[in-house]
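Numbering of the sequence shown is given in the numbering used here, commencing with residue 8 and proceeding in unit increments.
Derived by calculation from the structure, the hints in this document are not laboratory data.
For every residue, glycine included, the Cβ atom is placed at its ideal position computed from N, Cα and C.
Honestly, I wouldn't trust all of these hints.
Below, in silico cross-link-like pairs of lysine-lysine (DSSO-like), each with a Cα-Cα straight-line distance of 27 Å or less [said to hold, decoys possible]:
(1) Lys98 to Lys57
(2) Lys225 to Lys285
(3) Lys41 to Lys57
(4) Lys64 to Lys41
(5) Lys112 to Lys225
(6) Lys303 to Lys318
(7) Lys98 to Lys285
(8) Lys225 to Lys256
(9) Lys81 to Lys112
(10) Lys65 to Lys41
(11) Lys315 to Lys296
(12) Lys225 to Lys303
(13) Lys98 to Lys65
(14) Lys41 to Lys81
(15) Lys296 to Lys214
Here are the in silico distance ranges between beta carbons for each label pair [stated by the list, open to error]:
(16) Arg36 to Arg101: 12 to 22 Å
(17) Ser140 to Lys214: 46 to 56 Å
(18) Tyr287 to Ser48: 32 to 42 Å
(19) Gly208 to Ala312: 14 to 24 Å
(20) Gly139 to Glu222: 29 to 39 Å
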Amino acid sequence: MNKHTENRYKDCSTDQNCCNRLEELRLTRVEYRKNFADHHSVLVVRQMGKIYRVSAKKGQSCPHWDGECRIYGKRPIECRLYPYTISNLWKWRRHVFITFHSRTKCPFKEHLLIPLDNAKRMVTEFAREAFGSGCRPHVYHEPLFLGLINKIRGVFSTCRRDMVTWRVPKLDPEKRNKARNNNNKGKGGNAMITELPESEGHVLGVKISGKVSLEMEKEWIGRTEKVIEEHGRINMLVFLDKHATWGLKAGIEDLKWLLTHMKEIGKIAIVADSHFWKWYVALDRPFGKVVGIGEKYFDPAEIDAAWKWLKE
Numbered sequence: 008m009n010k011h012t013e014n015r016y017k018d019c020s021t022d023q024n025c026c027n028r029l030e031e032l033r034l035t036r037v038e039y040r041k042n043f044a045d046h047h048s049v050l051v052v053r054q055m056g057k058i059y060r061v062s063a064k065k066g067q068s069c070p071h072w073d074g075e076c077r078i079y080g081k082r083p084i085e086c087r088l089y090p091y092t093i094s095n096l097w098k099w100r101r102h103v104f105i106t107f108h109s110r111t112k113c114p115f116k117e118h119l120l121i122p123l124d125n126a127k128r129m130v131t132e133f134a135r136e137a138f139g140s141g142c143r144p145h146v147y148h149e150p151l152f153l154g155l156i157n158k159i160r161g162v163f164s165t166c167r168r169d170m171v172t173w174r175v176p177k178l179d180p181e182k183r184n185k186a187r188n189n190n191n192k193g194k195g196g197n198a199m200i201t202e203l204p205e206s207e208g209h210v211l212g213v214k215i216s217g218k219v220s221l222e223m224e225k226e227w228i229g230r231t232e233k234v235i236e237e238h239g240r241i242n243m244l245v246f247l248d249k250h251a252t253w254g255l256k257a258g259i260e261d262l263k264w265l266l267t268h269m270k271e272i273g274k275i276a277i278v279a280d281s282h283f284w285k286w287y288v289a290l291d292r293p294f295g296k297v298v299g300i301g302e303k304y305f306d307p308a309e310i311d312a313a314w315k316w317l318k319e
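All chains should be built: construct the whole structure from the sequences, respecting the hints.
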């Protein structure tokens, strides 16, 4: 109990991205103007359409925090939602798609998590306050959302297996391995994901050659998550050679990771000599902008400019 109101977070002494270290708090326009607009000098504010993302400068605490919250009774929706947090948000016409999770490292998580239905109602309230009562919110808790992704993966795997069984004659193991080796040689040799030496801090760069397997994808994901754990966010440079591609399982794993880590990704630079990737980035950039990710395409000769952009 404190003099302002009953705040169960008051005694927290950990350095988490919440009251003690404000980072990427999502606010509606009403919430920002009511509680944070007067503190703009100590904040880094990014406005993305009707959503504000607010961080304290130099990793400092929330301007309303002095060992206890001065606006606890009227705090923003995402503060009330904690230790759940909104992870991804994008809008298409009247539809607003939002995912949220509880992967935060709050030491009081077991005691503070509200019922899932209540959390969904609060996220829905956030969407309607931000985009108006006429919007149609679609709210997903990430474990359930990932379950849907896994079902889609199962359908694709079954279809792929059936297509292979129907179209490709069976080979004995020796001939099959020989065919695979010949295929790899035709696609630029052994597949590799190589970390580039210019990587530093929260900026991670890799070069991808050949066809990425599921095992390689998981190893790469582990490296990116280590960077996120150390720095809170990540900027990525992906250098794709002309033979770079993903296997089905690796591609789904990559998509699954991306959908659940959009909040931690700042910028992505795609470096390639390919009309396809140039076209892909041009189409994907507006979506990235909605969820707060900067995305650019660079030719190989412009790789120095790509590193400079990522490190700005």
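Here is how each hint holds up against the structure:
Of the supplied pair hints, the one linking Lys98 and Lys57 holds, its CA atoms being roughly 11 Å apart against a limit of 27 Å. Between Lys225 and Lys285 the alpha-carbon distance is near 26 Å, which keeps this suggested pair within the 27 Å criterion. Simply put, Lys41 and Lys57 have alpha-carbon atoms about 15 Å apart, close enough for the 27 Å limit, and the pair holds. A distance of roughly 20 Å separates the Cα atoms of Lys64 and Lys41; the hinted pair therefore holds under the 27 Å criterion.
Pair hint Lys112 plus Lys225 holds up; C-alpha atoms about 23 Å apart against a cutoff of 27 Å. Only pairs whose Cα atoms come within 27 Å are accepted, and Lys303 paired with Lys318 is accepted, the gap being roughly 14 Å. About 24 Å separates the Cα atoms of Lys98 and Lys285, which keeps this hinted pair within 27 Å; it holds. Proposed proximity of Lys225 and Lys256 is supported: the alpha carbons are some 11 Å apart, at most 27 Å.
With a CA separation close to 24 Å, the supplied pair Lys81 and Lys112 stays within the 27 Å bound. Only pairs whose Cα atoms come within 27 Å are accepted, and Lys65 paired with Lys41 is accepted, the gap being roughly 23 Å. Our distance criterion of 27 Å between C-alpha atoms is met by Lys315 and Lys296, whose separation comes to about 20 Å. With a C-alpha separation of about 24 Å, the suggested pairing of Lys225 with Lys303 holds against the 27 Å cut-off.
Distance restraint check for Lys98 and Lys65: the Cα-Cα separation of roughly 31 Å exceeds the 27 Å cut-off, and the hinted pair is therefore not satisfied. Of the pairs offered as hints, the one joining Lys41 and Lys81 holds, with about 10 Å between alpha carbons and a cut-off of 27 Å not exceeded. Distance restraint check for Lys296 and Lys214: the Cα-Cα separation of roughly 24 Å lies within the 27 Å cut-off, and the hinted pair is therefore satisfied. The hinted window of 12 to 22 Å between Arg36 and Arg101 holds, with their beta carbons roughly 18 Å apart.
One distance hint, 46 to 56 Å for the beta-carbon pair Ser140 and Lys214, holds here, with the actual separation near 49 Å. Tyr287 and Ser48 have their C-beta atoms about 40 Å apart, which keeps the hinted 32 to 42 Å range intact. In this structure, Gly208 and Ala312 meet the distance hint of 14 to 24 Å, their C-beta atoms being roughly 19 Å apart. For Gly139 and Glu222, the hinted distance range of 29 to 39 Å is not satisfied, since their beta carbons lie about 46 Å from each other.
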